[in-house]
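Chemist: Protein sequences appear in the order of chains Y, D, Z, L, F, B, E and W. In this text, residue positions in the first sequence follow our numbering: the first is 1, and each later residue adds one. In this text, residue positions in the second sequence follow our numbering: the first is 1, and each later residue adds one. In this text, residue positions in the third sequence follow our numbering: the first is 1, and each later residue adds one. In this text, residue positions in the fourth sequence follow our numbering: the first is 1, and each later residue adds one. In this text, residue positions in the fifth sequence follow our numbering: the first is 1, and each later residue adds one. In this text, residue positions in the sixth sequence follow our numbering: the first is 1, and each later residue adds one. In this text, residue positions in the seventh sequence follow our numbering: the first is 1, and each later residue adds one. In this text, residue positions in the eighth sequence follow our numbering: the first is 1, and each later residue adds one.
Just so you know, these hints were derived from the structure itself, not from any lab. Here a beta-carbon is modelled for each residue, glycine too, at the ideal position from N, C-alpha and C. Heads up, some of the hints might be wrong.
[To be verified] A few chain E residues that don't get close to chain W, going by computed Cβ distances all over 12 angstroms:
no. : residue
1   : L18
2   : N72
3   : T128
4   : D145
5   : V154
6   : K165
7   : S209
[Unchecked claim] Example chain Y residues on the side facing chain W (calculated, C-beta under 10 angstroms, incomplete):
no. : residue
8   : Y88
9   : L90
10  : I94
11  : G155
12  : V156
13  : M181
14  : G183
15  : Y206
16  : F210
17  : G218
[Said to hold, decoys possible] Simulated crosslink set (PhoX-like; lysine-lysine; CA at most 25 angstroms straight-line):
no. : chain 1 : residue 1 : chain 2 : residue 2
18  : B       : K14       : W       : K165
19  : W       : K171      : B       : K247
20  : Z       : K170      : Z       : K247
Protein chains: 8
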Amino acid sequence: MNETILKQVLNQVKEGKLSIDEAMIQFRDFEYKELDFAKIDNHRQLRTGYPEVIFGQGKANEHLLSIVEYMNQRENNILVTRTTAEVYELVKGIVPDAVFDPLARTITIRKVSTQKPESHIAVVSAGTSDMPVTLEAVRTAEIFDNEVRVYNDVGVAGIHRFYDKLGEIKKARVIVVVAGMEGALPSIVGGVVDKPVIAVPTSVGYGASFGGLSALLGMLTSCASGVSVVNIDNGFGAGYLASMINKL
Amino acid sequence: MNETILKQVLNQVKEGKLSIDEAMIQFRDFEYKELDFAKIDNHRQLRTGYPEVIFGQGKANEHLLSIVEYMNQRENNILVTRTTAEVYELVKGIVPDAVFDPLARTITIRKVSTQKPESHIAVVSAGTSDMPVTLEAVRTAEIFDNEVRVYNDVGVAGIHRFYDKLGEIKKARVIVVVAGMEGALPSIVGGVVDKPVIAVPTSVGYGASFGGLSALLGMLTSCASGVSVVNIDNGFGAGYLASMINKL
Amino acid sequence: MNETILKQVLNQVKEGKLSIDEAMIQFRDFEYKELDFAKIDNHRQLRTGYPEVIFGQGKANEHLLSIVEYMNQRENNILVTRTTAEVYELVKGIVPDAVFDPLARTITIRKVSTQKPESHIAVVSAGTSDMPVTLEAVRTAEIFDNEVRVYNDVGVAGIHRFYDKLGEIKKARVIVVVAGMEGALPSIVGGVVDKPVIAVPTSVGYGASFGGLSALLGMLTSCASGVSVVNIDNGFGAGYLASMINKL
Amino acid sequence: MNETILKQVLNQVKEGKLSIDEAMIQFRDFEYKELDFAKIDNHRQLRTGYPEVIFGQGKANEHLLSIVEYMNQRENNILVTRTTAEVYELVKGIVPDAVFDPLARTITIRKVSTQKPESHIAVVSAGTSDMPVTLEAVRTAEIFDNEVRVYNDVGVAGIHRFYDKLGEIKKARVIVVVAGMEGALPSIVGGVVDKPVIAVPTSVGYGASFGGLSALLGMLTSCASGVSVVNIDNGFGAGYLASMINKL
Amino acid sequence: MNETILKQVLNQVKEGKLSIDEAMIQFRDFEYKELDFAKIDNHRQLRTGYPEVIFGQGKANEHLLSIVEYMNQRENNILVTRTTAEVYELVKGIVPDAVFDPLARTITIRKVSTQKPESHIAVVSAGTSDMPVTLEAVRTAEIFDNEVRVYNDVGVAGIHRFYDKLGEIKKARVIVVVAGMEGALPSIVGGVVDKPVIAVPTSVGYGASFGGLSALLGMLTSCASGVSVVNIDNGFGAGYLASMINKL
Amino acid sequence: MNETILKQVLNQVKEGKLSIDEAMIQFRDFEYKELDFAKIDNHRQLRTGYPEVIFGQGKANEHLLSIVEYMNQRENNILVTRTTAEVYELVKGIVPDAVFDPLARTITIRKVSTQKPESHIAVVSAGTSDMPVTLEAVRTAEIFDNEVRVYNDVGVAGIHRFYDKLGEIKKARVIVVVAGMEGALPSIVGGVVDKPVIAVPTSVGYGASFGGLSALLGMLTSCASGVSVVNIDNGFGAGYLASMINKL
Amino acid sequence: MNETILKQVLNQVKEGKLSIDEAMIQFRDFEYKELDFAKIDNHRQLRTGYPEVIFGQGKANEHLLSIVEYMNQRENNILVTRTTAEVYELVKGIVPDAVFDPLARTITIRKVSTQKPESHIAVVSAGTSDMPVTLEAVRTAEIFDNEVRVYNDVGVAGIHRFYDKLGEIKKARVIVVVAGMEGALPSIVGGVVDKPVIAVPTSVGYGASFGGLSALLGMLTSCASGVSVVNIDNGFGAGYLASMINKL
Amino acid sequence: MNETILKQVLNQVKEGKLSIDEAMIQFRDFEYKELDFAKIDNHRQLRTGYPEVIFGQGKANEHLLSIVEYMNQRENNILVTRTTAEVYELVKGIVPDAVFDPLARTITIRKVSTQKPESHIAVVSAGTSDMPVTLEAVRTAEIFDNEVRVYNDVGVAGIHRFYDKLGEIKKARVIVVVAGMEGALPSIVGGVVDKPVIAVPTSVGYGASFGGLSALLGMLTSCASGVSVVNIDNGFGAGYLASMINKL
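Pulled out of the complex, with its shape left as it was, chain Y reads as follows (with noise of 0.2 angstroms):
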């Protein structure tokens, strides 16, 4: 709980304008509301600047739907990630204008829309098959309204396709990388462009990938400053951070 808050608490309890009890209850009531199973953050926006988002993946089906339920009446935009046609079908029934993005496996429900910066994010792939993480990426910053602009497949094995797109690319402010295999593709990033650089290690490979961790620890051992990494497969939260960084 940060000082500010604190502070004007403090300030209306001593003005007994609250009382300890009213205290109690405010420290406490504002920041989450409580499901049987759940604690659902409502405090998060006010903290972080973003509302929480459903991690779709592992939750049972009547779980996510209570929680999406709940948001729904709230004037937040909902974001569901790792989630299925299946589950789609169900959130249909209760919010009929969510849209689903099967390759993303996003639903997304855009209640609010906020002045998108002028500025805007790139999204450059390495190749086809890392598509589901550079969508997740997408959608991602979209719903928390930025202008998205994606590259595909300029991978190092054909690295003149990136250098043709380069000049589009350095117009971003932010620039996410997704990129399978060895991962090579963020160095190259890195190296040509003035822009943070968020790169993604996917799991797309086979043999000595191990699951993603051959682009992962190529990633974090790149000799091109500028560039961080998130988690393997993690479009989310490097759609996330572009949107923080691309709203400074």
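Following the hints, position chains D, Z, L, F, B, E and W against chain Y.
Modeler: Just chains D, Z, L, F, B, E and W now, kept in the frame of chain Y:
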């Protein structure tokens, strides 16, 4: 090579202002300085907005000195990382006002100062043993003309020390978080701020920390959003990226 | 075999109350029941204070049923872990009042109840996906006659949810903390309580969580003291140990 | 920060006994002592029942001495772990009655003694090479006012040595088991006692022991119940937790 | 090719009893049978004393059947490991008296019986889940004409079950010990017998057992002498080696 | 982009034969074909001497078909790897004379044939289970117009089978060696031939082979010289490189 | 404790020849000698047929000397492994006829000689860098009264050196094979002999040999049968087991 | 032993030109020279076209000198790798014109020169820290009579330095690419050349480069074709293989 430069040279060639051979040299010469043992990347500042930095570790003394000597003739600030007092004595022979920080293991030579951004960078560290990495981040961000505020020893074992500083930390534009062992601090920070968090795992720890692996994996799988990760002990990389974001 | 029992048998032999052969049988018979495929450890309760528990995973149905059948003739409570609804249907055929918890994946059969200790156990979980492991710990501690209080979904991404419950959590005699991904919650808990913390890493996560490895390493290298760790997803082990400590 | 303290301060503020600013200072000041390079966690004893301990490894001598000096002014016992004879000579200059155990690598300074619990702690080690870790656990439990009984060199290669001591070992309230190589001893102990077992893997071994990894994995996957594990070579952590359980 | 055979052929060539071409064929033909997809190693029995065994896993049904068919024409016993009931049905079509053990996953075809050695092999297993590996070792040793005695479910969680059988186990000439999880049983056995112990780690376990890695490392770093290790789940290899030692 | 092409375009621009815009298009157009979801690398044959190959695994059927359809319009042979019978049925609808090898999991479409080199490639495999990888190498080398000779099932368990073929194998210009499990065969081959050996580790094995890791590490640390290694199961990569060397 | 001994003591107790207390002492005293820091396992020779061996590495000099001094009073041969010339100088002060092998790093003290078996042990090594491990195996087998024949430097890089010795090697009763790097030699040996092969991986190598891991995994996954493996660099363990098998 | 040689000896035996014993000696003697501690592989040049090379690391000085002395009597060039200035001083005592390259850590002794091939080898390195490995490759290829051209410090952080040299690099017959950290350079090179690329990962880097593992995995999973990999830091292996390919 980006399109703008290509077009420009093509235009000059077309207009006869540049012979083919001159065009070829042009491409070659403004890009790097060929030393016997290295190719100093002069083009880098143009390309990425930052001059080349000297990674001191594993470089022969005479090589490192040649590079410093060459770079010293140009109007760039110079940063040497992972260096030693012994190297510093040699560098002082060439550049008397070089500054050595023994804890950060950096040599800095300031020749120009640009206008600092109004915003600043916060560097937050979990423990006193993380100090070399913390200070490497600080010295890096400073040589690139950023204001840096440091919050040491606020790790999760006594997390109230962090909360006490949180109000201040939130004022930064971008936050570097340095931690070893279980590397939990970036998750805490990422959960309560609305700024990009750059997590730096350190090799501080023993046993199952496996040289920083535990902190690295912990940071990559952080359940907080807005967190990205650089290599183990890579204070320089974090400072560089923080500077890049602070100047957006 | 401990000294007390050895001495006692020796005494009986000396006094002629026991022949050599009877002594040999004594040693052998009260220790385990030989089935065709297994040796049920009857001596266990005497030795460790707890009856043998049936680890359901990977056991053939007929083997598991034989064991339940045999144990059901004795006045012990029975706990089957890592089991399924299908097995439950079979068990109900033998023991109609067996109880199945599908989320915890446990079958419990209560035949006796001992006096619960006055103190209780807190089980704290980071996220809703950790629930199967959390509930396995809960059901285990309950069948061993402990009061258990559960605090779900209070992980570090929204750590205020934890602090809100901290006052209550501190009232427990021993605290089980269940978390996946970076597994940071035990460090937080361990830093603010004066009770033993049993950390349970879960395999919740993806990519660099490597099946629970990130949480496991994080908990082992926790900078908080008073924290010890059990195997990944080992809710049973944590509940068992918590019961043992709660009853000291 | 726990609720009780929060309420108390709120009450004082309400009653005008405390100004807002004083309340803020209160929160801040009783929690830690700010040194140049560290924040000493004074609040810790209140929070966890134990004073802060100094982890000596990797700390600069002058830093370590400053911390000892500061802590020496307060009425707390002091424990320095992973330290050296050289540091001890320096500490003796400040605190003449400091005691050094070269095998345990600890410095202890006893200033107060509280009533020991009637129960005691057993520390059991597999081999003589485990002695530094064993003794670190012993010195830790002792400085926190526990009776400790040690059983050395009773590992599984000659397991009759263990069984011979088993009668005695079972009298302890909690048992620390220290072992390297395959780390099998905690499984044996856990299978025959009815007390919590804290397993400490050590880095003793070579080849496939991979710095203690074999013992660590063996202890985590122990088929005995009631066993939990701390970090490789973490004698301090085991002694601390054992003390915590012994005093419940 | 060993010297004796070489000399013999050279002698026949010298004496004109063998032409050069015949000598070449000799070398080639008695060594293997060339099928389309495989080269059956007929020379093996001469070379190593054992006929080739068929590793069933991953072999196409028609390939496996061809091999069985070819081998069935020779007077060798046949062992197929890692096979299935489906394959067995096919094999029975060719060799009606083939015998299938569904738990061991073996097919055996006995055509000749040699004199068994007077000594026997003990196969000791830690738990009932280790049974498939245990039985693979048993069936292997039996087809090679050894007497095998089995001691199931005597693992370290209730080690008295092992001690009860120890007197019998020590009568064997060589002891196979099968265990998963922490794999501690071979250390216990190796410490109390004067016979070679062949340790077989199994993939039984979960979490930090990492597919048998914990048991494997534990057995390799065993502090007991006289213990050697085969691959994870390699019951066949243990049975084969035990037979070899039993027949010395 | 290489210098020759750059100079050529510059010359045309200088001589007015090419406008700036035409030059720009030139650079862009002959390099790749932009599909919706991919950028087909037409420039590749010019650049590396080989047309782009389609890695079938993980590609959506409609994407794969579009690529085949586009490439079929050009006079290139086509190779699809890691594909299935189901995909083949679809491809046959477009290209009736496409050929499927179910063991190699390849589709090949031959449209042109160039002169084969006089020398040939040997592909040597350790066991019959390595056949899918072996055949992928064979089909790859064949579609690039090489003569390939295959030597199956000559692994180290019966190494005389290899020596028998050695005279023939040595006649090849380059040798591909495919092996799983301990991957020892390339060491044997490398020690007795004077030709480059391309080692392909396979994922054949179980337990400590860890998905091909044992074979991979074995081949990388081979004490024979002249051996280099490709990714686990990468028959395509070995066939491609062998073709490249065979055609030097 | 085995049944025979138990019965015998029971008999003596029954017959009044032994008081309860004497029986207790009997159990305790003939089993180990309690030193301050260790429990010397006197019972071991009775139990396993071999006296305890001193693992020198990591033992304090005075501890090691005390153990040697104690053991020297009994009529056992003594073997110290992993020791140094410095320790040897100290040991010579107590036992003048102790023998040091600097390459094997062993001290041996021969006090009794038993009849050697007629069969012998072959120790085969891949390279000269494996010599310390090779000789540790040799010295171990010799002190236990075995004839040992050594075949050095016959690794797979020039495998004809091995085949040349094969005729001799096959005459041994049991074969120890020592190899680093890819560790392929045991597979070759195991494929052509009919004797048990004990494989010893060594840490010889660099890079991807990862301290002996490549050789270890290679040997564990060997496709030859009759091969078992001991820990990396464990020459002692191999020599011990070879002796055990040679004496069966 | 290959067939040709076998036949030839058989013929001589048949024709009575060779006695059986002489034939046996023939087989044995021309194959290796037996020293006390090693078997020098004279047959190697015949077999693989290359004389044996001395791997200096871990060899005792007197052993290494004996080998050099023996080899110096024959008309072979000599290459010692991984050696030191100290060894060089000793070698100079025997062979005064031996040449030492302190950066490459090689000693070379040239006694004969064969005709170099017309084609040459390119050795390309990513950074100046890779120089020891780079030069080891260069010295190896040179002693085997190849022309080598070196391109240093052209790594992906400033990839324009590489493109500038690409025109030249493509003229080589085979290309060795040396890189540490993320090891991305071979992917870039492999994507733009039509020659075999031999990738050498180096241990240059820190943290998540794990001693060269990141570069190794990156190169193995390279999405460029025509790339194969040798062991970490294995400059010798790359130079040897490049020579082999260059001379095809």
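Chemist: Against each hint, give a clear statement of whether it holds in the structure.
Modeler: Here's how the hints hold up against the structure:
no. : hint              : verdict
1   : L18               : 58 angstroms, holds
2   : N72               : 32 angstroms, holds
3   : T128              : 5 angstroms, violated
4   : D145              : 26 angstroms, holds
5   : V154              : 7 angstroms, violated
6   : K165              : 9 angstroms, violated
7   : S209              : 8 angstroms, violated
8   : Y88               : 33 angstroms, violated
9   : L90               : 39 angstroms, violated
10  : I94               : 43 angstroms, violated
11  : G155              : 6 angstroms, holds
12  : V156              : 5 angstroms, holds
13  : M181              : 4 angstroms, holds
14  : G183              : 7 angstroms, holds
15  : Y206              : 8 angstroms, holds
16  : F210              : 7 angstroms, holds
17  : G218              : 4 angstroms, holds
18  : K14/B <-> K165/W  : 24 angstroms, holds
19  : K171/W <-> K247/B : 15 angstroms, holds
20  : K170/Z <-> K247/Z : 17 angstroms, holds
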